[in-house]
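Residue numbers (our numbering), protein chains in the order written: chain A, 1 to 108; chain B, 109 to 191.
A hint or two may mislead.
As the list claims (entries may be wrong) - Computed footprint of chain B on chain A, listed as stretches where at least three residues anywhere in the stretch have a Cβ under 8 Å from a Cβ of chain B: (1) 11-22; (2) 31-45; (3) 75-86.
It is worth saying that the hints were derived from the structure and are not from the lab.
Positions of the beta carbon are idealized from the N, C-alpha and C atoms, including for glycine.
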Amino acid sequence: MTWQQIAAGALVLAGVGIALASCLGVLVMDDIYQRLHYVGPAALLAPLAIAAGVVVDEALSTAGIKALLIFAVLAGTAPILTHATARTARIRSSGRWQPRPDEPIEDL
Amino acid sequence: MNIWLVGAVALLPGFVACGVLLWRATIVDAVLALDLAGVLATLELALLAEGFHRAPFFDLALVLAVLTFAGGLVFLRFLERWL
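Work out the full structure: start from the sequences and follow the hints.
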């Protein structure tokens, strides 16, 4: 067994572990705003670990480049989707996303 | 069997968590669970593509990553305004 295989295996297990921990976090949190924090690691750290594992295993071959592309797409889109989800939750719960005059921003 | 396929199998319980959330929580939480499931499915496809040494199959994961984003935004837009 080469050091690449060991490193790639460790990265894969780390990525899968992070994704599963995020799913658990999403499941046990109380409301949507807390849950949104747990989508981050699954959409950023897990793909990064798995893409790094593919690059360690196959260098910058077709698979390596595509794995990095997948990470780049997820890293670019996940924050936007998280913000849009929080905004939708806010609008559905209070009718508008801006703070109301009687709502001190410090408490948000 | 290799570490990539082991990782792909180990990732499957994550879909159960998303399913429970889809079933139990509010509709916006369900969209969040759908997005997370899309990310998990993207990782699943990437692990399977590497596990079976099929580089062209990485394209499926790449397309799914983009469509998860687009689909999520469409759901959210409708939930914000019309539903």
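Among all the numbered hints in the text so far, which are the ones the structure does not match? No numbers; nothing is violated.
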